[in-house]
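Protein chains in written order, with the working numbering: chain A, 1 to 386; chain B, 387 to 645.
What the hints contain is simulated information worked out from the structure, not anything from laboratory work.
C-beta: ideal position from N, C-alpha, C; glycine also.
Heads up, some of the hints might be wrong.
[To be verified] Mimicking BS3-like on lysine-lysine, the simulated pairs with C-alpha atoms at most 25 Å apart in a straight line are:
(1) B:K402 with A:K78
(2) A:K36 with B:K615
(3) B:K402 with B:K543
[Said to hold, decoys possible] A few chain A residues that face chain B, going by a derived Cβ cut-off under 10 Å, partial list only:
(4) T35
(5) A38
(6) A69
(7) K78
(8) G85
(9) V88
(10) A92
(11) I96
(12) D98
(13) V113
(14) T114
(15) L311
(16) Q313
(17) Q315
(18) A352
(19) A353
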Amino acid sequence: MSTAHDATAPDARARFRMERKPRTLRLVAEGEWTTKDAAKLSAALRSIDLGDAANAEIDGTHLDRIDSAGAWLLVRTKREWEGKGKRVAPIALAPIYDALLHTVEHEHTAPPVTIHNRHTIAAFVERVGRATIHGLQQGLGIMNYVGRVTVEWTEAIYHPRGHLRVAALIHQVEETGINALPIVGLLSFLIGIVLAYQGADQLKRFGAEIFTINLLGVGLLREIAGLITAIIIAGRSGSAFTAQIGTMRVNEEIDAMQTIGINIVDALVLPRVIGLAIALPFLTFYADIMGLIGGAVMCYFDLAITPEVFLRQLQEAISLNTFLVGMIKAPVFAMIIGMVGCYEGLQVERNAASVGRLTTRSVVESVFLVIVLDAAFSIIFSIVGI
Amino acid sequence: MSAAGQPRQEREVVIKVRQLVNAFGSQVLHDHLDLDVYRGEVLGVVGGSGTGKSVLLRSIIGLNEITSGTIEVFGRNTAHLNEAQWRELEQRWGVLFQEGALFSSQTVAENIQVPMREYLNMPQELMNEIASMKISMVGLPELAASKQPSELSGGMKKRAGLARALALDPEIVFLDEPTAGLDPISANMFDTLVKDLQKSLNLTVFMVTHDLDTLRATTDRIAVLVDHKIVVGTMDELRKNPHPWIQEYFSGPRGRAAA
């Protein structure tokens with residue numbers, strides 16, 4: 001009296017049947033038990049009705065092929081049946097699978113892995129905690145870094161020889177300044193055009209077109225040219241600093257420099273920060289001029305204001321102070337961009353992924369700080385009354 | 387070219403490379419190279435730096451576009467496969483890259499489950515069980531399952547990479563310098579592991595390596611890349627080969643030490 005039922009269709013690659021004798025339950029596996037069909041087999045094996053037989057046998061000798069997932073299913077079934085109080089005979093498999101069965105059955109006793117759920121409240125609290133600690137460490141790190149750069153900086157001022165690397169400095173001025181001229185020039189020119197066009201459009205209504213020039217002069221020189229230049233440079237050079245220093249970190253170049261006794265701040269940070277502090281004021285001045293030229297071109301075509309009239313009106317609109325207010329911010333922005341870029345570069349860990357992550361962070365942070373500082377400058381100037 | 391022993395002639399060829407040419411610009415790496423890999427064997431591929439060992443491996447698995455020649459895997463010319471056939475083929479082999487190439491945003495267990503998730507419709511519970519089994523199969527501790535790749539040592543990364551390569555129980559495993567950068571004890575353990583897995587899973591192993599001990603311990607045959615071609619044989623056969631590079635390689639001080 002043996003009943004047989006197929007777990008799956010008879011022509012399926014993987015199948016098994018159950019033979020029930022009075023005291024013994026017998027599982028006969030047939031076909032190919034491979035990873036491909038493991039999901040189907042797993043569900044079918046779990047749904048077997050064990051009945052009241054005390055003994056069980058698992059017969060895999062009729063299998064055409066079995067792989068490690070298939071072997072795992074046999075082993076798992078055996079363990080589960082044993083857990084339910086059945087006496088299960090050792091799994092029978094063709095001798096060529098002895099090694100496989102041994103590997104799966106005897107070397108693997110660990111419970112299934114748990115995939116960490118990242119969406120629980122506990123995980124959220126953990127993330128907040130980690131982020132807080134990370135933030136505090138970050139703050140400490142920045143203070144440490146600012147202090148170190150300040151010390152090196154003062155030493156470089158008192159003893160430029162040996163601290164200031166002139167060749168590297170000149171290279172940085174070329175890289176961050178001269179090579180940025182085309183993009184800074186083009187964008188400032190376009191912003192001059194846009195500003196003049198929009199300004200003229202509004203001021204025309206009052207018949208005050210001529211004040212477009214005041215708007216251009218004050219707007220560009222005081223705020224916009226400097227801000228736009230700093231933002232472009234943060235995206236262009238700040239990111240480059242982080243990526244360059246970060247890549248050196250990944251390649252262990254920085255470790256190599258340290259073991260040779262080269263001062264990292266002297267060699268990598270100071271040339272970049274000072275180079276940018278030299279280059280950015282010039283770039284800002286250049287952006288002022290290009291923006292005004294863009295505005296003048298627009299005024300000529302849109303409002304028929306000739307260059308002579310433009311210059312005369314400009315002279316009345318702006319004072320030296322307007323220009324200086326814009327220029328004085330440039331070196332400060334440069335220091336912020338350079339310091340942030342180098343700091344984040346030094347934070348890179350020894351894997352390629354962190355270079356990308358920190359480069360993004362460096363740009364976001366320096367743009368953020370530039371705009372915050374610009375606002376701070378505005379407040380200070382309004383208090384001082386410039 | 388094959389200097390392999392006669393008794394092996396009847397075995398099934400799973401990888402068949404014929405007249406392979408790989409050239410980058412004017413630099414020729416492989417010049418009409420032939421190679422057979424038999425089912426169930428461990429083949430070691432050696433050669434000096436820049437002789438194109440990794441390029442050969444990448445050519446077979448389709449990561450490198452070959453200049454000319456044919457590559458047949460399981461009797462099918464890989465150049466004539468369409469997208470769906472490639473995916474089918476890719477389920478039948480696993481690749482362990484040099485540094486493990488684990489996906490850095492996922493834990494070891496998740497890494498192992500990637501191929502299963504990609505190709506099979508498996509319940510998460512079963513994938514967790516299988517991942518756990520693969521982890522113990524490659525000799526990683528239980529704890530490693532929930533670790534990020536950045537928290538693992540070099541040897542553990544390679545084991546995890548091997549577990550991922552074995553996720554779908556492939557028929558062929560490609561190993562690119564599996565023991566490079568491991569300490570001798572870990573390297574020995576890796577050799578034993580490869581040999582054990584090959585025996586229990588009846589794997590065909592294609593292994594690029596420089597490690598003479600690994601060659602001695604695991605390989606059935608060795609393919610040597612010299613003069614843009616390949617010379618195949620067992621270690622003993624190759625020791626008798628008069629080619630100066632092969633002599634230098636197998637009979638130099640390191641080669642003798644591994645004997």
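Results of checking the hints against the structure:
1. Taking the CA atoms of B:K402 and A:K78, the gap is near 41 Å; set against the 25 Å cutoff, the hint is violated.
2. Distance restraint check for A:K36 and B:K615: the Cα-Cα separation of roughly 38 Å exceeds the 25 Å cut-off, and the hinted pair is therefore not satisfied.
3. Using a Cα cut-off of 25 Å, the hinted pair B:K402 and B:K543 is violated, with the two alpha carbons roughly 31 Å apart.
4. A cut of 10 Å between beta carbons decides the hint on A:T35: the least distance to chain B is about 5 Å, and the hint holds.
5. Taken as an interface hint, A:A38 checks out: its beta carbon lies about 6 Å from the nearest beta carbon of chain B, inside 10 Å.
6. The criterion of a C-beta within 10 Å of any C-beta in chain B is met by A:A69, whose closest approach is roughly 6 Å, and the hint holds.
7. Interface restraint check: A:K78 against chain B, minimum CB-CB distance 14 Å, threshold 10 Å, status violated.
8. Of the supplied interface hints, the one on A:G85 is violated, with its beta-carbon coming no nearer than about 22 Å to a beta-carbon of chain B, more than 10 Å.
9. Annotation: interface hint on A:V88 violated; nearest CB of chain B at approximately 18 Å, more than 10 Å.
10. The interface hint given for A:A92 is violated, since its Cβ lies 17 Å from the closest Cβ of chain B, which is over the 10 Å cut-off.
11. Interface hint at A:I96: satisfied, since its Cβ lies 8 Å from the closest Cβ of chain B, which is below the 10 Å cut-off.
12. Among the interface hints, the one on A:D98 holds; its C-beta lies about 8 Å from the nearest C-beta in chain B, closer than the 10 Å criterion.
13. Because the beta carbon of A:V113 sits about 4 Å from the nearest beta carbon in chain B, less than 10 Å, this interface hint is met.
14. A cut of 10 Å between beta carbons decides the hint on A:T114: the least distance to chain B is about 7 Å, and the hint holds.
15. A cut of 10 Å between beta carbons decides the hint on A:L311: the least distance to chain B is about 58 Å, and the hint is violated.
16. About 58 Å separates the beta-carbon of A:Q313 from the nearest beta-carbon of chain B, more than 10 Å, and the hint is not met.
17. A hinted interface residue such as A:Q315 counts as satisfied when its beta carbon comes closer than 10 Å to some beta carbon of chain B; here the least separation is about 59 Å, so the hint is violated.
18. For A:A352, the interface hint holds, since its Cβ comes within 10 Å of a Cβ in chain B; the closest pair sits about 9 Å apart.
19. For A:A353, the suggested interface contact is upheld, since its CB lies about 5 Å from the closest CB of chain B, less than 10 Å.
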